[in-house]
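Just need the whole structure built from these sequences, with the hints factored in.
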Amino acid sequence: MARGRTRWHQGPVGRSGPFRIEWAGRSAHETLSAREIADHATTVGAARASFRENTGSEPGDPARAAAAIVTAVTADNPAAPARQPRLRRLRWESSMSCAPRTT
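Residue numbers (our numbering): 1162 to 1264.
Simulated from the structure, these hints should not be mistaken for lab results. Hints are all accurate, no fakes.
Using C-beta positions, here's what the derived DEER-type ranges look like:
| # | residue 1 | residue 2 | range |
| --- | --- | --- | --- |
| 1 | A1233 | R1209 | 35 to 41 Å |
| 2 | D1237 | I1182 | 27 to 33 Å |
| 3 | E1214 | A1236 | 35 to 41 Å |
| 4 | T1232 | A1207 | 38 to 44 Å |
| 5 | G1217 | N1238 | 34 to 40 Å |
| 6 | A1229 | T1204 | 32 to 38 Å |
| 7 | R1213 | N1238 | 41 to 47 Å |
Note that beta-carbon positions come from the ideal geometry of N, C-alpha and C, so glycine has one too.
This is how it looks when you write it as structure tokens:
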């Protein structure tokens, strides 16, 4: 274990990402303006419709994530994060896709 770290400071339990938690579905409170702005229909309106249509189909399962977290924090000898090399690669690929083009 690294110096100054306890068994509780091992690293992330899993990857972050979207979870099926209904945040844009039945639990959302949407306040619509009395006056819609036509110029915003293709941007804000499209985003609003997409949130409504896609909620509940996110890949993350909150029940499985909760079980994994409970298992990780109650383990006598917690395992190191299994996905670190992949995360490093994804971060590198992400940074490269954001780099300015040279051509």
